[in-house]
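J.: Note that the protein sequences, when read in sequence, are chains A and B. According to the numbering used here, the first sequence is numbered sequentially starting from 284. According to the numbering used here, the second sequence is numbered sequentially starting from 3.
Each hint should be verified, as a subset may be incorrect.
Calculated from the model, a selection of chain B residues having no Cβ within reach of chain A, i.e. all distances over 10 Å [claimed, not checked]: (1) 362; (2) 375; (3) 465; (4) 485; (5) 517; (6) 539; (7) 575.
Covered stretches of chain B (chain A as the covering partner; in silico rule of three or more C-beta atoms under 8 Å from a C-beta of chain A) [to be verified]: (8) 94-104; (9) 226-232; (10) 348-354; (11) 377-388.
Just so you know, the hints here were simulated from the structure itself, not pulled from any lab data. Cβ coordinates follow ideal geometry from the N, Cα and C atoms, glycine included.
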Amino acid sequence: MSQVINRPTIKLPYKILLSFLVLVIVSGCNNQRTTENIEDLNILAQDIDGKLMCPVCPSETLDQSQTLIAKQMRGIIREKLNQGENTEDILNYFVDRYGVQILAEPPKSGSYLLIWIIPPIGLVLGSVVLVVTIVSMRKKSFEDFNDPASDNMDKYLLKVDGFIDKSINKSQITDQQADERATK
Amino acid sequence: MTLVIALYSILASLSGHYYKSNQLTKSGLNATYLTPILLGISTASLVTAFVTNNFGIQYVAEHSNLSMEKQYIWVAFYAGNEGSLLFIAFALAVLSAIAIFFSPSQNEHSIPHINSVLMIILIFFVGVMIFLANPFALSQTIPPDGKGINPLLTHPGMFIHPPVLMTGLISFSVPFSIAMGSLLAGKIEDQWVDSGRLWGIICWGMLGIGLLLGSWWAYTILGWGGYWAWDPVENAGFMPWIVMTAFIHSIMVQKRRGMFRMWNMVLIILAFAFAQFGMFINRGGPVPSVHSFGASTLGWIFLMFMIVTVLISFAIFFIRYNAMKSSSKLESALSREASFLVNNLLFLTVAFVTLWGVIYPLISELTQGQTITVGQPFYNQVNGPIFLMIILLMGIAPFLPWRHTTLANILKSIYVPILGASSMTLLLIISGVTKIFPLIAFALCAFVITGILKEWIRGTLVRRKRGENTITAFTRLIAGNKPRYGGYVAHLAVIFLCLGVAGSSFYGVQEDVPMVPGEKFSLEEYTIEYVGFENIKNPDRTQTKAEIRVMKNGEFLGTYFPRRDFYPNFNMASTQAAIRSTFIEDLYIIPGEVLEDGNAIFRVLINPLVIWMWIAGPVLILAVLITLWPEKRRIDNSDFT
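Input sequences plus hints: build the corresponding full structure.
T.: What follows is the structure in structure tokens.
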């Protein structure tokens with residue numbers, strides 16, 4: 284009753300899935316509310332508001348905070364935008380005055396890169412562990428199945444054979460005979 | 003008193019078990035039933051102190067005053083550190099009593115141990131209250147009036163958000179105790195799975211609703227138009243919820259096939275540890291937050307309790323390691339079992355990414371002396387894609403059968419959902435939705451919804467062929483397999499959440515506009531007219547109500563009254579936004595400070611699809627009810643095997 288179990292060819296669909304996932308991840312890095320029309324300074328200003336923390340509030344961005352200093356900072360941002368400065372310059376202006384903690388997210392450079400790198404590495408490592416686990420779990424189940432020394436299945440297989448015989452040859456074999464056959 | 007009773011409960015029930023004395027065990031359990039009554043009396047006394055304005059008690063003086071509206075006394079009770087501890091202890095006592103009382107017979111052997119674990123946790127909270135944070139401590143002098151309640155808390159959402167959230171968090175003790183108790187008692191094959199799953203889903207539902215209520219409160223009262231900021235305390239409640247989501251999925255595999263025994267044990271320990279970590283952050287933890295209960299040194303006690311719990315739990319886990327081998331094998335990578343593993347991986351990644359973001363500022367400060375902020379943009383960029391992957395999995399996994407299937411079968415079952423997703427994508431691109439992240443999000447939502455509807459329609463049609471009318475067919479379809487269809491409803495709730503988040507995050511429009519009375523302002527198709535304002539002086543606050551007329555495409559929609567209240571005692575302002583919700587979008591208006599001449603800066607927002615987030619709440623509750631609704635028990639021989 285043993286048969287060869289075919290390994291399904293799963294390469295191409297997994298490639299498609301993988302590419303889709305890559306697309307998802309890449310789009311994730313672009314999922315901040317970006318302005319489609321850079322000339323719309325108001326939207327750009329709101330963007331920058333969301334990138335800076337209010338210096339006196341516990342964990343609120345400039346966009347969220349209602350304090351006086353937040354309003355002043357928002358005013359400075361709009362002033363600078365009107366003068367033609369770009370996002371990076373404005374952010375650097377505040378970093379120079381308040382330190383790097385004024386940014387709502389750590390810069391993606393230098394020693395701060397660590398905080399950004401660890402999550403994807405973690406996910407990749409986790410996926411590797413997952414694949415290894417699944418493969419080893421499957422291998423164990425193959426071994427059990429194909430192991431001639433495992434007599435767990437044989438007893439039941441014989442019993443099944445007995446019952447099949449019994450049902451085919453209804454008049455010829457009784458239950459008891461089928462049982463006897465199985466337990467031999 | 004409760005401390006003594008709880009201690010007795012542990013000793014009696016455990017010794018009853020080991021000395022095989024049924025009566026002693028029963029006595030221990032009865033002691034557990036006594037604890038909620040005792041703590042209930044304590045709770046009632048504290049509330050009475052508030053009602054009678056007994057400012058001799060320090061806690062009452064700090065959190066209420068004479069002019070406070072009586073309806074907020076209940077809120078004041080748990081607004082502070084000490085009072086919330088009493089609430090948590092009371093909630094735990096009630097939940098423990100319920101859990102023990104309704105414990106199924108298959109857990110009978112482990113009941114004394116389950117009970118003891120629960121009581122140990124209760125002793126911790128009562129102990130902290132008695133020795134470190136007594137809500138009944140007396141003031142040194144009796145002040146004539148109290149300080150009053152934090153103005154941000156005087157909102158209907160505050161009646162239910164903190165209690166539900168706190169109850170949700172502490173409720174994690176129950177499935178944890180069931181698992182740990184069974185582990186200690188040596189019965190860790192699958193006896194604990196049924197009640198573990200039941201309580202897991204109950205906790206998950208409660209904490210989920212608590213989180214959603216918090217978002218709703220933030221949206222309506224904090225005045226910035228958002229609902230989730232990845233604030234450390236929000237994350238503190240979010241992380242255990244995510245781990246519990248992983249648990250309630252993979253426990254299904256253990257229930258169905260006796261697999262993942264060890265892994266589920268690890269998961270529930272992790273879930274409880276995250277819940278404890280949450281309490282640590284909440285109480286004077288080292289990370290600043292809009293939520294903090296005020297600086298206190300209590301946080302470290304909770305951290306230690308968490309560490310001790312984790313160490314002891316894993317120690318017991320390793321001791322009992324061998325007895326937890328699975329009874330079945332994983333047959334294929336293309337199976338529902340394997341998909342649950344992927345599910346767990348994704349959810350745990352989200353939990354640990356969030357944890358990473360919360361503690362990294364601390365690490366950075368300790369190791370480099372450098373203060374940095376990890377805020378919303380970080381979590382959005384890192385967790386965002388993982389959420390999308392989870393939604394993708396949510397659309398495929400329900401079609402995977404147990405044990406094994408072929409790729410061809412999978413593709414066949416997701417063919418219709420893919421059609422649905424593609425048509426939706428095309429429709430969206432034509433209507434102008436071109437930002438890639440929300441486009442993918444909406445496509446995936448369409449993918450999942452199509453899949454769910456396909457199953458429902460197909461199932462209902464099959465039953466209709468047997469002669470039932472549509473409604474009966476559909477109801478009986480759900481009743482026939484409540485866990486499965488409850489799961490579909492829960493997934494639907496998640497999709498609604500996703501719709502709300504994607505819509506408002508990427509297509510929200512915002513303007514801060516200074517206006518004088520009589521002035522009009524237009525944003526997209528809406529025109530708002532600032533008619534005037536009114537100042538109302540109350541003993542503890544000045545209310546400023548603005549009158550706004552709203553028109554859309556020239557048609558008058560209504561008059562709204564957004565409000566700003568200033569509390570001189572706290573030097574704080576709270577706002578009440580005027581929100582006009584439709585299924586498509588919210589129009590959201592909040593006033594800033596209103597000057598003498600009526601000059602004010604209004605923040606006007608158009609937030610698409612937000613209402614779907616709030617709709618998700620009742621849908622989630624419905625899902626939990628469907629999933630846990632008891633089956634009519636038919637007594638047959640199989641019950642006695």
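J.: Which of the numbered hints are not met once you compare them with the structure shown?
T.: Numbers 1, 2, 7, 8, in rising order.
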